[in-house]
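Take the position in the sequence shown, starting the count at 1, then add 45; the result is the number in our numbering.
Worth flagging that the hints you see were computed from the coordinates, not collected in a lab. Worth double-checking, as some hints may not be accurate.
[What the hints assert, rightly or not] Ranges of calculated distance between the beta carbons of each label pair, as one might list FRET restraints: (1) Gly98 / Glu143: 34 to 42 angstroms; (2) Ala120 / Gln67: 16 to 24 angstroms; (3) Glu180 / Asp140: 17 to 25 angstroms; (4) Gln93 / Arg193: 13 to 21 angstroms.
Backbone N, C-alpha and C fix where the C-beta goes; we use that ideal spot for every residue, glycine too.
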Amino acid sequence: MFAQLGQLLGLAADPSTPADPQARVRLATAALMIEAARMDGRLDAAEQDAIHGLLRERFALGDAEADALVDAAGAAAADSAGWQGFTRTLVDGLDPDERVGIVEMMWEVAYADGVLHDLEASLMRRLGGLLYVGERDRGEARKRVLRRLGLDH
Numbered sequence: 046m047f048a049q050l051g052q053l054l055g056l057a058a059d060p061s062t063p064a065d066p067q068a069r070v071r072l073a074t075a076a077l078m079i080e081a082a083r084m085d086g087r088l089d090a091a092e093q094d095a096i097h098g099l100l101r102e103r104f105a106l107g108d109a110e111a112d113a114l115v116d117a118a119g120a121a122a123a124d125s126a127g128w129q130g131f132t133r134t135l136v137d138g139l140d141p142d143e144r145v146g147i148v149e150m151m152w153e154v155a156y157a158d159g160v161l162h163d164l165e166a167s168l169m170r171r172l173g174g175l176l177y178v179g180e181r182d183r184g185e186a187r188k189r190v191l192r193r194l195g196l197d198h
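Turn these sequences into a full structure, and let the hints guide you.
Shown next, in the form of structure tokens:
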């Protein structure tokens with residue numbers, strides 16, 4: 046099963062080892078989004094929908110490709126000892142503006158259920174630092190998400 050998912054996503058035989066840089070970026074992005082969604086102890090339908098929608102939009106994926114990416118990322122996140130491998134992949138593979146875009150995607154997942162849990166806020170600070178996204182850029186990304194979701198009142 047993982048071999049089929051890997052072929053679909055451009056991954057090597059080991060689903061945690063992408064064969065090309067863009068596949069590594071996709072997997073790392075999805076894994077961090079899943080971690081952001083799970084931080085409050087649950088992964089609800091709104092967060093799942095946000096993850097799938099954001100991945101489809103950002104990486105121009107079809108539904109089946111997004112589903113396969115989420116499955117592979119969930120497995121990679123479960124097998125990972127931390128976020129450093131994922132964040133290193135993004136730092137190495139993306140420019141600063143693209144990393145701000147990833148942070149914005151994670152804010153959207155964190156707010157998908159309409160509430161920002163304290164643990165989600167803490168995670169966003171830590172991941173922002175690991176991604177070398179400054180506090181100002183993180184704050185601006187957060188404000189854009191709040192406006193887009195109609196939560197800025």
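Hint-by-hint comparison with the structure:
| no. | hint | in the structure |
| --- | --- | --- |
| 1 | Gly98 / Glu143: 34 to 42 angstroms | violated (19 angstroms) |
| 2 | Ala120 / Gln67: 16 to 24 angstroms | holds (19 angstroms) |
| 3 | Glu180 / Asp140: 17 to 25 angstroms | holds (19 angstroms) |
| 4 | Gln93 / Arg193: 13 to 21 angstroms | holds (18 angstroms) |
Hint violations for this structure: number 1 only, all remaining hints satisfied.
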